[in-house]
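S.K.: These protein sequence lines map, in sequence, to chains F and V.
Position 87 (the first sequence) corresponds to 92 in the numbering used here; numbering is contiguous.
Position 142 (the second sequence) corresponds to 293 in the numbering used here; numbering is contiguous.
I should point out that these hints are in silico values taken from the structure, not numbers from a laboratory.
Where a beta carbon is used, it is the ideal one built from N, C-alpha and C, also for glycine.
Heads up, some of the hints might be wrong.
To be verified - Result set (BS3-like, lysine-lysine): computed pairs, CA atoms no more than 27 Å apart in a straight line:
#, chain 1, residue 1, chain 2, residue 2
1, V, 225, F, 86
2, V, 176, V, 218
3, F, 39, F, 13
4, V, 251, V, 218
5, F, 87, V, 218
6, F, 87, V, 225
7, V, 176, F, 87
8, V, 218, F, 86
9, V, 176, V, 225
10, V, 176, F, 86
Claimed, not checked - From the derived model, a few chain V residues whose C-beta atoms are all more than 12 Å from chain F:
#, residue
11, 166
12, 169
13, 174
14, 227
15, 242
16, 249
17, 251
18, 304
19, 309
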Amino acid sequence: MKPSDCRKFESITVDWAPEELSESQSDFVANHEKSCQACRMAYRAQVIGLDLLRGSACTVDATEISANFEETVVRNLRVQKKRDSWGYWWPAGLGAAIASLAAFAAMQLVSGSASFKPIFYRGQEARNNTSGIMRSLSTVREYNR
Amino acid sequence: MSEFVSTAVTSEISAIERQLVERVKRGDEYAIRALIERHRLRLIRTATNLLRDRYEAEDVSQEAFLKAFRTIHKLRDDRAFPGFLYRICVRLCMDRLRSKRPEVAELDPSVPHQSNSVDTRLVIDRLLELLPYDLRTTLVLREMDQLSYEEIAEVMAVPVGTVRSRLHSARLRFRTIYLGEMGQL
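Please build the complete structure, drawing on both the sequences and the hints.
M.R.: And the structure:
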């Protein structure tokens, strides 16, 4: 028994169902099964496993389906259709437009208000203070001399 | 004769289906309900097979219907609605599986096994949980939903070659895990 035979056996048995095999393939499989225990076990496991898999296929009856299955789909579809339409979103859009207008107006009010001038004066004051400090420094220097 | 009758019935069904889809596009709620009635069983079955959870499967199926009806105007061929709906459902299931398990867990040997037929389903559930979501989806669609390679490729939006290789890997891993699991019993 050659390892290449085991590979060939595996390839044939994995890819084809027993009824799909040609005569020569069937003969090869039968002969190899007799001579190689490992391949025989693997093949049987595959046949039994796949049979169990097919046997465990779901068999749902119409009576087992939840009563509101259809209704849930139709209701969700109605909701989604409503959401897709402009009619659903226009109150939110209007609200957003009003809010952005209000925010814009508030910003305009703030930038044009009296609070801007003190900032300018504070800057002027700062410059005045700086020149005062410079003057004090020069006085100190003259005193030191 | 019976073949002729079956062809006639099939074409009649697809004509009804097409009419219903046209009416859904116009917003007819009765047609929406009729389409849900026609397709919900198959959708829930597939979703349950993939997710292994009935309640989650119902949830995903409802989501699939919702998504399908919202995007139904994209459907060019009205007869293609079942495939369109099924694709959406499988992809939603894959999204759920992907988000559920970012990495492959190992079997926990400390968990006791009971070797009776009642537990077969649980064993299968655990085996499937050990497969990565793409291999698991391919295996379930092939073995449980009996889809062809081409159909799986279309549903999963991958080439047929990828389906073949995924199925090969899935079966190989499935049998290795199954052998390991049986060895522990």
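S.K.: Now look at each hint and say whether the structure bears it out.
M.R.: Results of checking the hints against the structure:
{"no.": "1", "hint": "V/225 x F/86", "result": "16 Å, holds"}
{"no.": "2", "hint": "V/176 x V/218", "result": "13 Å, holds"}
{"no.": "3", "hint": "F/39 x F/13", "result": "15 Å, holds"}
{"no.": "4", "hint": "V/251 x V/218", "result": "21 Å, holds"}
{"no.": "5", "hint": "F/87 x V/218", "result": "15 Å, holds"}
{"no.": "6", "hint": "F/87 x V/225", "result": "20 Å, holds"}
{"no.": "7", "hint": "V/176 x F/87", "result": "16 Å, holds"}
{"no.": "8", "hint": "V/218 x F/86", "result": "12 Å, holds"}
{"no.": "9", "hint": "V/176 x V/225", "result": "10 Å, holds"}
{"no.": "10", "hint": "V/176 x F/86", "result": "13 Å, holds"}
{"no.": "11", "hint": "166", "result": "23 Å, holds"}
{"no.": "12", "hint": "169", "result": "20 Å, holds"}
{"no.": "13", "hint": "174", "result": "14 Å, holds"}
{"no.": "14", "hint": "227", "result": "21 Å, holds"}
{"no.": "15", "hint": "242", "result": "18 Å, holds"}
{"no.": "16", "hint": "249", "result": "21 Å, holds"}
{"no.": "17", "hint": "251", "result": "18 Å, holds"}
{"no.": "18", "hint": "304", "result": "16 Å, holds"}
{"no.": "19", "hint": "309", "result": "17 Å, holds"}
The structure shown violates none of the earlier numbered hints.
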